[in-house]
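A.B. asks: Protein chains in written order, with the working numbering: chain A, 1 to 139; chain B, 1001 to 1324; chain C, 2001 to 2540; chain D, 3001 to 3219.
FYI, nobody ran anything at the bench for these hints, they're computed from the structure.
Glycine included, C-beta positions come from ideal geometry on N, C-alpha and C.
Hints should not be assumed to be uniformly reliable.
To be verified - With a cut-off of at most 30 angstroms between alpha-carbon atoms, the simulated DSSO-like pairs for lysine-lysine come out as follows:
#1 C:Lys2279 / B:Lys1064
#2 C:Lys2279 / B:Lys1054
#3 B:Lys1197 / B:Lys1228
#4 B:Lys1316 / B:Lys1107
#5 C:Lys2486 / B:Lys1059
#6 B:Lys1049 / C:Lys2189
Stated by the list, open to error - Away from chain A, derived, C-beta distances all over 10 angstroms, residues of chain C:
#7 Trp2019
#8 Phe2040
#9 Leu2046
#10 Ile2062
#11 Arg2109
#12 His2178
#13 Pro2183
#14 Trp2187
#15 Gly2225
#16 Leu2239
#17 Phe2246
#18 Trp2296
#19 Ser2306
#20 Thr2537
Said to hold, decoys possible - Here are the in silico distance ranges between beta carbons for each label pair:
#21 B:Asp1242 / C:Ile2016: 31 to 41 angstroms
#22 A:His121 / D:Met3073: 48 to 58 angstroms
#23 A:Asp113 / B:Gly1267: 42 to 52 angstroms
One letter stands for each residue in the lines below.
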Amino acid sequence: MSEHHITPLKTYLIIAASLLFLSGVTVWVSYIDLGSFNIVLAMFVATVKASLVAFFFMHLLWDDKKNLTMFLMSLMFFGIFVTITMLDTGFRGDLGLNPETKDPINKRAAFYDTLPLTDTHGHPVDEHSDEHHEDKDHH
Amino acid sequence: MLDRLTEFFFPKQVSTFASDIDNLYFFIFYSSVALFVIVVFGMIYLSIKYRHRKGEELKLTSSKDHSNLLESMFFIIPLILVSITFVWGIRSYLKMVIVPDDAIEIKVTGQSWFWTFDYPDGGTTLNELVVPSNKPVKLVLSSKDVLHSFFIPVMRSKMDCLPNRYNVMWFDATKEGVYDIFCTEYCGTGHSQMGAKVIVMQPAQYEEWASELGSEDDDLPLDELGAKLYTKKACNTCHTLDGSALVGPSYLQTSQMWGQERVFDDGTSTVIDDNYIRSSILEPMTQIVAGYQGVMPTYQGLLSDRELDALIAFLKTLNEDSQI
Amino acid sequence: MSENTKQNYLNHPKGIMSWLLTLDHKRIGLMYLFSGILFFFLGGLLALVMRFELAAPGNDIISNEVYNNAYTLHGAIMIFLFIIPAIPGALGNILLPLMVGAKDVAFPRLNLASFYIYSFGALFAMYTIINGGVDTGWTFYTPYSTQSTSNVVPMTLGIFIIGFSSILTGLNFIATVHKMRIPGLTWYKLPLFVWALYGTSLVQITATPVLAITMVLLMLERFLGIGIFDPALGGDPVLYQHFFWFYSHPAVYIMILPAFGIISEIIPVHSRKKIWGYKFIAYSTLSIAFIGFLVWGHHMFTSGQSVFSQIVFSFITYFVGIPTGVKIFSWILTMYKGQVSFTPPMFYALAFLFLFTIGGLTGIFLGAVALDIHLHDTYFVVAHFHYVMQGGTIVAFLGGLHHWWPKSFGVMYNQTIANIAALGVFIGFNGTFFPQFLLGLRGMPRRYATYDEQFVELHSYSTFWSGILGISIFIAVMNLFWSFIKKNKVDPGSNPWGGMTLEWTHTSSPPHPHNFEEEPVLQHGPYDYDKVIVEKTYKK
Amino acid sequence: MGHHNPDSPSHLKHYFHDVNQQYETSKFAMWAFILTEVLTFAGLFVAYIVYRSWYPDMFVDAHKLLDVNKGLMNTIVLITSSLTMALAIWAIQKNNKKLSVVMLVATFIFALVFLGIKYLEYTHKFEVGQLPGEFYSYMGPDAAHLNNPHIFFSIYFIMTGLHGLHVAIGMGLIAWLIYSTQKGNLTSEYYTPMEMIGIFWHLVDLIWIYLFPLFYLIG
Ligand code: HEA
Ligand code: HEA
Ligand code: CUA
Ligand SMILES: [Cu+2]
């Protein structure tokens, strides 16, 4: 099997270094408030990283293109799954006609009513007031 | 002719969009029949015409395996049919989802295994939806426990009822009468008994009915009112009066039961009295009779005190002779 | 023929362990066949119980609970234990390597593992029955399935496990088709059954993982109350339906594509005619598999999903019909200027065309959203899917068994009985399920243990004919197995229908343990009836 | 038929023509398997995306309860382990058995570290009650106002849990690789299993590349 492509050591090291660098970049960027652009940027960087892993570490760049096709196919079906599901979940109560059908489940689950307030260690604190009871949705 | 066919295939058309849907059905039906006839005729004709006759030598057969004309037909004809169906279907569909502004709004709640209807001017009915004719009615549906689906065949309409969410359907009934309602989403043991009726009345009659809603029973004696409530509040979907057990215990002999012991599934027991019955109806999950499952819904908020008394009074009258 | 031809995969090697630990795809296929038929009968028996209960409106024979368990188990067994794993598992396993000229599938060990995983999962399903059943319907809709006290967990666990078997079989077949073909057997020279299995396998490996994760989430919802699907915990039951149908709609093409493949073999062989539109059929397989991933929401037209997605799903649903139509018309035109013999496999193929066309066209009715709102969860849907699954897949499967029986097992069944049984299946089937279209149109909901007086007449017709259907199926299958018992052997070199694909032309019946005594050399395409005359040889 | 060509290597299965066919088949099947893995996670990503769009504020606030430093540390660990895995293959390709084993051992250790850090994270969450589903009980000052945070934690635990399960499975496979390489079963002539497991291991890394920003960095 000696005819298989052997990636030079240097390539591996460069790729690993870029991956680490990009990880640093995402963390750094996440502290800057860019509004909804944050998530776009984070996903963009993640995708660059993922491609580096796939093409170099997983050797897709040099492999039979069938293997790449398989991989891309998995992403395509994932895309289909998300997009079409979102056509529903993102547009419930569309047509704007029946407001009651929209925004349905933003109701706190009932078991929260029985939970005591806690401190940051999760220990219950005294319920000296009923404050937190008020901000719950009673139906 | 078409009317007769419609009657053959479908229940009565009672909503304004029913005929539209039936027509869509017939369009697809006739196209399908045509395609089906082509398929079956082609298949029988070709297989018989080119059958291998007795004694005939095996031979090299034709190499014909395509024809541009035919193949484009395979695409074009279905594409045309499908396009018409799509446009038609969507137009009918939009009629079904866009609710007219002047619709009266009734709240429908599914619960295992009965329906509650709340009317705009107050008042509630169980398992009986009363609506005026020739006036759009908007139903806002939800459920108290699992999924149910509210299906009125004569209106050609159906919608699921989800807990914690509202769905909407509407219709405009064109003919007075009493029609079936079915639950069409599986919801447990009583699913197939979760039927109800829709009563379509003249608008004037409806107004009268609505204004009397809730007050009509005021002057009935308690046990008669209880007997009425027994079916009206859907107790009979789970409790029979003839001794056979459905989902819940039967009430054939309740009059004799008073003062006797009731054993629960956790081993505890209590003596049957008015209070026990009252709490069984309001908080059925706290004490579950041994041998049964805790599936009885709570009637908290659905029964007034007088109605509770009435039900208890009614149960007390029951004995072997009072079989209904 | 040499001494070697006496040796075939059925008699060599010998001993029970040589079967249980076999890596031979043909033996594994045979084991799938037996277990599949077993589950089919079990599911069928449950169906008959249901039908007898439905003969009259009340609770005459069984209670609501028993009925609800019966239909759930019927659906789940038929789908997850029989039609999805067993048909590719049986016919696919036996035939795929033979058809591509390989000595075995790409990963024989994985193949055996896949069978055992399937058996293991089936044990859970059987445990469910012993332990009192499960009553959610085969769709396990939340929140009922998270609340029901019946055996939802063992059943979903069983399905989860069987899913892995399905994935592994799919992987194996894909690798086999891509990499194990003999030289010269290019994609366009593959028998169409291979194309069909290839499409099936693609769907299996892409859709099944989503089923697996859905079942896991459902179990976790029961154990931990994770709140993703349970509305009481802030979740959304409609999202569950998206997850479920993302698998289960493509799964209907896992069920039907192998059947399409079988028909694509039977018709040209028994018509002795080059298949019409080879490439169209091959590509329509792939496009059906693909479009099948875009339409799952047509099962949710009354769930309250957004109007926008209703319209999109309705639109795309119609487009599955077009490639399917191309196939149907091509099969019919294949007979043009052929030499058609009316053999049992051909009868099943013709019955398939008749029944599947009805089933498929009624799918278009259901795809029209305005109409589906009336028809959803009524017997119209029940009739639709029995027409495609039983009238389509099972009928094609029976046809395939009759077609490849002498090849696979070296024995021949009684053809007269086979023809009579085929007729019985055809008539009994229509008698059982055609009335159900009417029931559905008139508003009879499905999953009902009891029903309104108005539906009695049609229900009792349906019940009556289901008896005939059951008996006919029983006879058809027993007639096949009887040939085993009677050892009604055919000559090892026989080719009773004059098939042209490698399994007919290059190996004995039943095949050699390593499939071919010498690596086959391709001499002609799979359907070159215009170029070569293949004799029909069939000796007792 | 069925018997080996005298000069064909022992790892060549009888139903393949040659080593290359066997190698390519395994690799292709591995990629098909990767497809199923991606689609398994796809379901969970869909759940994530849908709930994030329904509960945007809750997601943003709940993610602050996670520890970015631990997450970043794990990212670094996993990327490095990916590198060592790749180098193990590189070494065996060059027939450097010793280096290959060293690299595999390193990969194994990194995996262990990853799970160790995960363990610390999990135990902390268990202690304070940031648990999935109905077991959620953390109502601290920074969370008492949240709307259904148990859903965030359900998704968090299921996704990282499934990912952790993959890491654990990967460790088992790597342990086996260490053993076979050490024994000399894998050489530059035949290292298919290492290549396969390598692909699997990189997938584990690849999924973490998305999990990390989605859970720890959104906001
Ligand atoms: C083998 C299984 C199988 C197959 C192949 C199909 C094929 C199809 N199915 Fe079916 N279906 C099921 C199994 C299957 N189905 C099951 C099990 C259910 C119920 C699940 C449950 O709820 O329990 C179901 C339910 C179901 C529904 C949901 C109904 C409801 O619950 O309300 C719908 C709606 O669109 C539908 C549509 C279709 C369509 C459009 C096709 C198409 O693929 C059909 C294509 C074929 C043709 C169209 C015929 C041949 C073509 C021609 C002759 C050419 C001319 C064509 C045109 C003009 C279009 N099916
Ligand atoms: C491959 C799939 C498949 C097949 C082949 C069948 C076959 C049959 N089905 Fe099934 N059916 C489903 C899949 C299938 N079904 C599914 C998925 C559902 C939905 C479930 C749900 O709602 O969740 C369903 C639901 C369903 C219903 C609706 C229940 C309801 O909604 O209330 C009905 C009712 O008539 C029915 C009837 C039948 C009948 C009569 C057959 C007949 O074809 C069966 C024929 C009989 C046999 C095959 C038995 C032959 C054998 C013997 C007679 C002897 C046995 C001997 C020994 C064991 C030694 N089925
Ligand atoms: Cu309520 Cu079915
Ligand atoms: Cu479908």
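A.B. asks: Hint by hint, note whether the structure agrees.
C.D. replies: Hints versus structure:
1. C:Lys2279 / B:Lys1064: Judged against 30 angstroms, a Cα distance of about 14 angstroms means the pair holds.
2. C:Lys2279 / B:Lys1054: Given that 30 angstroms is the threshold and the Cα spacing comes to 33 angstroms, the pair is violated.
3. B:Lys1197 / B:Lys1228: Distance of about 16 angstroms is within 30 angstroms: holds.
4. B:Lys1316 / B:Lys1107: violated (34 angstroms)
5. C:Lys2486 / B:Lys1059: violated (34 angstroms)
6. B:Lys1049 / C:Lys2189: holds (29 angstroms)
7. Trp2019: holds (34 angstroms)
8. Phe2040: holds (31 angstroms)
9. Leu2046: holds (33 angstroms)
10. Ile2062: Given a closest Cβ separation of 37 angstroms, the condition holds.
11. Arg2109: holds (22 angstroms)
12. His2178: Violated: least Cβ distance 7 angstroms, not greater than 10 angstroms.
13. Pro2183: Since the minimum Cβ distance to chain A is about 18 angstroms, proline 2183 of chain C lies beyond 10 angstroms and the statement holds.
14. Trp2187: Tryptophan 2187 of chain C is indeed farther than 10 angstroms from all Cβ atoms of chain A, at 13 angstroms.
15. Gly2225: Non-interface label fails for glycine 2225 of chain C: nearest chain A Cβ at 8 angstroms, not farther than 10 angstroms.
16. Leu2239: violated (7 angstroms)
17. Phe2246: violated (6 angstroms)
18. Trp2296: violated (8 angstroms)
19. Ser2306: Violated: least Cβ distance 4 angstroms, not greater than 10 angstroms.
20. Thr2537: holds (40 angstroms)
21. B:Asp1242 / C:Ile2016: 31 to 41 angstroms: violated (58 angstroms)
22. A:His121 / D:Met3073: 48 to 58 angstroms: About 22 angstroms separates the Cβ atoms of histidine 121 of chain A and methionine 3073 of chain D, which means 48 to 58 angstroms is violated.
23. A:Asp113 / B:Gly1267: 42 to 52 angstroms: violated (30 angstroms)
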